Every structure is written in structure tokens, then in C-alpha cells.
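Both chains are sitting in their own frames, so use the hints and assemble them into the complex.
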Amino acid sequence: MITKSANKGIAKLPTGIPGFDLITLGGLPKGRTTLVAGTAGSAKTVMAVQFLAEGIKNEDQSGVFVTFEESPDDIRNNMVSLGWDIRQWESEGRWAFVDASLHPEHDEIVSGSFDFGALQARVEYAIAKVGASRVAMDSLGAVFTQYQDRSIVRRELFRLASALKKTGVTAFLTSERTNENGKIARYGVEEFVADNVIILRNMLEAEKRRRTIEILKFRGTMHQKGEYPFTIIPRQGVVVIPLSAMELKQKSSSLRITSGQAEMDRMCGGGFFRDSIVLVSGATGTGKTLMATQFMNAGAANGERCLIFGFEESREQLFRNAGGWGVDFAQMEEKGLLQVVCDYPEIMGLEDHLLRIKHHLDEFNPHRVVVDSLSALERVSTMKGFREFIVGLTSFIKHKEVAGLFTSTTPNLMGGTSITEAHISTITDSIILLRYVELLGEMRRGLTVLKMRGSAHEKTIREFTIDGSGMHIGKPFQDVSGILSGYPSCGPTAELDRVNSLQQEKPNG
Amino acid sequence: MQQFRLKLYVTGQTPRSRGAIRNLKRLIEELIPENCELDIIDVQAHPQSAEDDKVLATPTLIKELPLPPRRIIGDLSDTNKVCEGLEIAIGDVRLQGERL
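Heads up: the sequence lines are chains A and B, in that order. Start counting the first sequence at 1; every next residue gets the next number (the working numbering). Start counting the second sequence at 510; every next residue gets the next number (the working numbering).
The shape of chain B in the complex, shown without the other chains (with noise of 0.2 Å):
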């Protein structure tokens, strides 16, 4: 199976951030739990990490791997955009974002 590396960048702790690391947390869980790692920044605590990754918007969720690198902008809350961004096959798995 494919080994995924994902960054998500928010903003504090706004309810769109916790909406997206839920909405994430939630589909990893469900279709890539073991071999998913995934590191959460926040841009005001590493500025510099956003400046690096030339990150503009927030959520953003940037998929490193598996290539090719992709990003994903918003609260995550389509999971089937999400899913479609991350190239995972859904399935049968029935799963619905939280929107914000």
C-alpha cells in the first residue's frame, strides 16, 4: 500500500481549523489509517513554515506523498473533492464532511 505524507496548515483555532483537522482526522481514519503520516502547523506559531510552502490560504492541505504533490484548499468538508485531490478510491465508504 502507498505510504501518504500530509501537511495541514491553519490558523489557530478557529472553527474552520478544527472543522478541517476533524474533516481530515476523520478520513484518514477511515480510508488510509495506517500508513498516513500528517503533520498539522499552525501559520501564526511557524510563519516560516507558511513562507516556505508559499502557503496563501488556510486551510490548506498539501498531499507531499505519494507524487505528484497536490494541494487542497478550504475546510475539507467535500470529502469526495478531498478524496479525489489525495487519488484515494472512496469505495463503498459512505462518508460526509462537516461543513463550516
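Same shape as in the complex, but just chain A (with noise of 0.2 Å):
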């Protein structure tokens, strides 16, 4: 007979590290250990520290903590600010200290071989005492400072990690780098924990610190390939950021939705879809926010509730603005139907902006969104570290189903395109280009609706006006070309078309 078990393979245990069981696809091996290999602030303790901290709080698992490197007090005052409170699980018996760290008032000399017998019996005595099934061991390269002779040590640790493997525990044990790109980690430590080795790195990228983690081997077992970034958050620890590991599995809506204005609904074939991202891109002072502003604006007039980030206005910016459009957000976020969240790019990392964006989307839950600019974003971070940015946001927007209206300001007035839609042009549903038209010594301003993902939409590039009741969309312009290169230029007809219409004025003025 043919048991199931045989062909299980290896089980993993869900860590509860937010993000990190979707890149190991369920968690660490379980009854393995795997090896955590980081530069120097690369954050090996706190993730370690989490491993436990998770376990207990997540499924009332216990946790061995053993010390090489800090005494257990520097952790217990340290991790106080990211939410655990160590010593209350200290007293409830689900959290145990093996002390390994260097004492230098002991005052050790060494005469002959050695084992590490006594430590080994005390973190076995730990495990039982508070019946622990996760270990952390952190980190072993102090272990080799401590002694002079490496090749004892190293036996000595690999005796330790069986002993371990055979008391069925899940452990978790940090070693040190000495540069991001170098062997795994020092002193050969990962000879001896070879089965699962993860690398966290902190690297220095155009003056931006990008913190990433890999998966670089899980022996027999699958996991997810190549660098993920994570972010540490206060009260909340280590959160990966799981990228490409997030699924598309988002429902698509043939629901249409307004876009705040009747003849750009018109040009979109019906409105926008209701759980659709569209770009709106153009040049600065081309009338992006004031998109923005109306879709938001009709969305609180169906009593839906709006979300809007503010990356380059303050608040205050923001209502004056609309105000002058005959929009009245202090009205609508009385009602509770806006929220309004300007921060500037600079505060912090895009990691971190990624995790406050999501946050606010799960506190609020809004119908519709608003990102202005994303532009804005993009000088605070790498180009990679920007994708990744817009893989994600996207994807958590389309996640919870909601119609994401993002602006994209362009560098140049006239025609071009930015860094930004080139990132997000294939991820985005529709694209809405606001152009400023020189025509005949005049600035006019032009519309069209580039794509349109689902849906038939108007080819025209329309003229459009703005003024104190908003954005007025007129007609096609006729018979001018090279609008969105940026070097329009008109036929006779524009041309005629002008001295009729300057001619008709006459009379009147």
C-alpha cells in the first residue's frame, strides 16, 4: 500500500513574518534550519528575534532564543520598540534566553581540545523547559571571536545544528557577510546549515538604502527566485514586500464608472472601468490634478468614498485648488467620504511609502484613488527600486477592487513622455495624455485618450479649456498634426479657420 506521507516532502512552518511565507511559499522547511546570511545592520537580529516573536504571538509556538553577540538585555530593550515585549513572554514561560554572549570578566584561557557540551545541554534544557518548536540562534561569526581555534568551532557548531535537527525544532540561525556580493557567509559557516540558506542584504544604491532578501537555496523544496525588498516598521518588525510573488487573481468589472466629466466618459466609450487604473500624464500646470479633483468630486456625489496621496501639494494646496474649480473638499471629508494623505516623497523610503499606501487603503476602504504624482516618487528612489514600486501599488490597488486614478507630470512642456509611464504604460488600463498645444503663437491645451484596455475609446485629440467650473473638453483639433511629439504643426484649414473666427470677434469687441 501506498502511504500518503511518503510523498509529502518537506513540510514548511509559517513564519508570520507579513510577506516572507508568500517568497518561501509557506514558511521555513519545518524541523530544518536554515541559515539567515546579512552584512553588518542588515537586520539578522530583528528578524530573528521576529521568527520567535511571531510564533508565539501568531500560534502559540515557543521560542529558544540563543545570544552569541548582544547580552539578552540589549535584545529585551531593543525590540521594545518594535512591539514584543520579551519579558512578559519571559514570564509566561514561551520565550527562553540562551546566554552565549562573550563575558570578557571571565577571563578565559584555553589548555587543550574542547566541545560545546555545556551549550548544547542547556539550549536542549531551554527547548524543553518552555517547549519550544522555533529556535534562533544569533549569530554564529561571534561564536569564532570567541575562540581562537576555528576548525574546533566549526565541528563544534555543526554537532550543535544536528543535535538541534534531531530534537525536531524549526531554527533559525544568523551569520555574518563581510561584503554584499562575497561568499555566502564567514568563516564557511553555511558548509554546516547548507540545506536552506537566505540572504538579506542593505545596499547602497544612488544614495538610497535598498533592504532586499533572497531565497538562495531551500533544499527540496520549492521557493520563489531572486531579490524581494522588505521594510522595517515599528511595532510591526521585518514586512517583505512580495512583488512578483503577488497574484494576479483579480476580478476584472464591465462596470463603468464616471470619470467626473461627460465628454471624457464619452471618449472612453461609457466611463472608466470601475476597478481600472488610469494614467493620467502630462506636463506641469496641464490640468492633471484638476482631473483628479473631478474624479474624485463625482465619486463623492455617488457617495463614494475617495483616497488621495499628495506627493508634490500640501493639504491646504489641495482644497484651495479645488475650491477654485467649484470642488468642495472640506464638504466631502465632513461627510466621510475623502481622505486626503500629503506626505513628501523625501520622508522616507518607497518601501515604506508602499506599506503606508496599503495601509491607508485597508483603513479607509475607498472606492477610488488617487495618486498625485507618481512622478513625485520617482526622485526618491532607483529605477528598479521605482518598478518594483509600481508593480506593487498597482497590484494592492487592483487587489481590493478599486478605480486608481494616477497622475504622471512630464518633463518637457511640450510633447515627450516620462521615466514613469514608460514603467507603468503596460500595467496601467487606460492613458490619458494632457498636452500643451502651440498653435499660431497661441498655448492651447489638447486631450486624448491614448488606450483604453477593455474597451473601444475615441482616437481624436480634443482641445480643452479650463476656467472656474473646471475642465470643459471642446472639439477635435482639425487638420493640425504633431501634437504629442511636441511640434505641432497646422494645415490651411486651421489657418483659415483662425482668421474666420478672428474676424467673426471683430464686431463684437
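A portion of the hints provided could be inaccurate.
As the list claims (entries may be wrong) - Restricting the straight-line Cα-Cα distance to at most 25 Å, the calculated cross-link-like pairs of lysine-lysine (DSS-like) are:
no., chain 1, residue 1, chain 2, residue 2
1, B, K563, A, K129
2, B, K590, A, K165
3, A, K225, A, K183
Calculated from the structure, these hints are not laboratory results. If you're wondering where the values come from, they're calculated on a predicted model, not measured in any experiment.
If you want it as C-alpha cells, here you go:
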């Protein structure tokens, strides 16, 4: 008879570290040891503590923390800001420290060969005492600095790792690396816990720190490949952002919603789709924020909640602008239909922005969300980081099945596209271009719907004007070409039209 | 004469444990037979003691008295080193520890 268990493979232990279980496809290999290697300041200790903390908080699994480096007191104190009350867990018998940190007052000298029998006995004793199923050891490299004979230390750590395996606990061992791209870990530590290796990186790229996590190998079991960004949040700890590991399973709706512009709705073939993302691109002053304002105003008029993230203008400016177009943000806010979140892009990294946006989305649960503008965020990140951010943001928004409107500022007044668009255009469902059009000595404005996924749309470039009551979309530009490239030229009809209109206006003026 | 208080941590009945115990007992007998209090602790039987004393390696010899406290790690085969750690003058006594 064939038993099921023979075919089961290696079970995983869900760690509870946000995002981590997604990229590991279910957690750490259960009952095995995993080496987590990283340079100084790559959050090894935080993650090791969190591995135990999440087990205690969520799964009622006790943990043993073996520290070779920091004293237990330092760890207890340092982790308070992350919301982990280790002292409390110790008093409840759910957390035990094994203090193997260096005590200079012991004044040790070495005479002859030795083993780590005492350490092993202490770890096994602690595991039995709290009934631990998780063990963290931080960090192995520190043991090598305590003893001169590295071959003994290596042999003894190997023996300890084997002993841990026998107890059935899932172990999380950390070790340091000397640089981000060198060998896996110092002192060849990976050789004795070679089953599973995870690498934490803290890279400096274009003057910005970027933390990533990579699963190098999980022996005998699957995982996501490549680097994933992560960040450390107060009262939460490490949060991995599982960008490409996120599932594209959002539903797609054929329900249409209004853009706040009857004419725009017509151009889009009946309005935006309810769970689509629209990118509005244009140079400064072309009316992007206005489109966003009208989009939210229309939502609020239908009793829908709207959330705007402003990265260019302050709250006051947004309110004043809206007022200038006849939209009362203050009233919308009072009714609970509007939430305005304004931040300077520079206050934090993109990963943190992304998590904040997600937090607000979860809290406010809006029907419509606006980001004004994406290009402002571009300047606080590297290209790669920005692309990941866009993917993550789009995925969050689509997951919530809300309508999103992002604005993007083009660097040139006339024509042109921005880097933002290059990254986002394939992800968004619709693209609307707002452009200045210089025609016969006048600066006019034109717009066109470039793309409308899943629907027919008007292909013309329409002229529009902005006044105290908002945006007014007029007729298509006739006989003008080269608007989008930034070098418009007009045919004879346009010139004739203009002369005619001048003559018609004369009697009135 | 100074009073010694020593603790020797060992792991079970391994050859290394037995060797360390033999080496230490011989040294005590030869040099400080009258005034030494020795406590031999098996970490497998008494892990909490090892925890309290923060012992990692075995064998570990802890000299609690005379002050200052000191630790000697290993099988105690190097008598000169052990005597140095215990601050005992060897004088003319020639002792050879058993290497493992």
C-alpha cells in the first residue's frame, strides 16, 4: 500500500513574518535549520527575534533565543520599539534565552581540546523547559571570535546543528557576511547548515539604502527566486514586499464609473471601468490635478469614498485648488467621503510609502484612489526600486478592486513622455495624455485617450479649456498634426478657421 | 596557605571529560592537596548550573577562589597553562598532563 506521507516532501512552518511566507511558498522548512546571512545592519537580529515573536503571538509556539553577540538585556530593550515584549513572554514561559554572548569578566584561557557540550545541554534544556518549536541563534560568526581554534568551533557548531535537527525544532541561524556580493557567510558557516540559505542585503544604490531578501536555496522544496525588497516598521518588524510573488487573481469588472466629465466618459466609450487604473500624463499645469479632483468629486457625488495621496502639493493647496474649480473638499471630508494624505516623497523610502499607502487603503477602504503624482516618488528611488513600487502599488489597488487614477508629470512642456510612463504604461488599463499645443502663437491644451483596455475609445485629440468651473472638453483639433511629438503644425484649414474666427469676433469687440 | 574553590564542568562520560577530571585531580593532589574544594558538574545532569554560570564549552574549569575568578577551557592537558590559570607556582614539580 502506498502511504501518503511518503510522497509529502518537506513540510513548511509558516513564520508569520508578513510577506515572508509568500516568497518562501509557505514558510521555513519545518524541523530543519535555515541559515540567514547578511552584512552588518542587514536586520538579521530583528528577523531572528521576529521569527520567535510571530510564533508566540500567532501560533502559540514557544521559542528559544540563543544569543552569541548581544546580551539578552540589550535584545529585550532593543525590541520594545518593535512591539515585542520579550520580558512578558519570558515570564509566561513562552520565551527562553540562552546567553552565549561573550563575557570578558570570565577571563578565559584555553588549554587543550574542548567541545560545546555545555551549550548543547543548555539549548536542549531551554527547548524542553518552554516546549519550544522554534529556535533562533544569533549570530554564529560571533562564536568564532570567542575562540581561536576555528576548526574546533566549526566542528562543534555542526554538532550543535545536528543535535537541533534531532529535537525536531525549526531553527533560524544567522551569520555575517563581509560584503554584499562575496561568499555566503564568514568562516564557511554555510557548509554545516547547507540545507537552506537566505541572504539579507542592505545595498547603497544611488545614495539610497535598499533592503532586500533572497532565498538562495531550500533543499528539496520550492521557493520564489530573486530579491524581494523589505522594510522594518515600528511595532511590526520586518515586512517583506512580495512583488512578483503577488497573485494576479483580481477580478475584472465591466462596470463603468464616471470620470467626472461627461465628455471624457464619452471619449472612453462610457466611462472608466470600476476596477481599472488610469494614468493621466501631462506637463506641469496641464490639468492633471484637476482631472483627479473631478474624478473624486464625481465619486463623492455618488456617495463613494475617495482617497488621495498628494506627493506634490500640501493639503491646503489641494483644498484651495479644488475650491478654485468649484469642488468643496472640506465638505466631502466632513461627510467621510474623502481622505487626503499628503507627504513629502523624501520622508521615507518607497517601500515604506508603499506600505503606508496599503495601510490607508485597508483603513479607509475607498472606492476611488488617486496618487498625485507618481513622478514625484520617482525621485526618491532607484529605477529598479521604482518599478517594483509601481508593480506593488498597482497590485494592492487592483486587489482591493477600486478605481485608481495616477498622475504623471512629463519633464518637457511640449510632447514627450516620462520614465514613469515607461514603467507603468503596460500596467495601467487606460492612459490619458494632457498636452500643451502651441498653435499660431497661442498656448492651447489638448487631450487624448491613448489606451483604454477592454473597450473602444475615441482616437481624436480634443481641445480643452480650464476655467472656474473646471475642465471643458471641446472639439477635436482639425488639421493639426504633431501634437504628441511636441511639434504641432497646422494645415491650411486651421489657419483659415483662425482668421475667420478673428473676423467674426471683431464686431463684438 | 590560600584556599581554592574550583568547579569543573564536563559533558557526560566522554574521554575528554574523563581526561580532564584525571588531569585536574592529579594536579590538585600534587600541588594543593590540603586546601582545595572541587565540584565536578555534568552539564547533561545539571544544565541549569551551566546556564547560571554561562558555560559554553566543556570541559570548563572555573576558579572561584582565590579571587579574581578565572576560567580554563579544554582537557587541561597543558599543566603549565593550567597552573598559570590557577596562579599556582609549579616550582620543581614536574607534571605531565594526559593529552587527548
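For each hint, the structure was consulted:
1. B/K563 to A/K129: At roughly 17 Å apart (the allowed maximum being 25 Å), A/K129 and B/K563 satisfy the hint.
2. B/K590 to A/K165: 37 Å, violated
3. A/K225 to A/K183: With Cα atoms ~18 Å apart, A/K225 and A/K183 stay inside 25 Å; holds.
The structure shown violates just one earlier hint, number 2.
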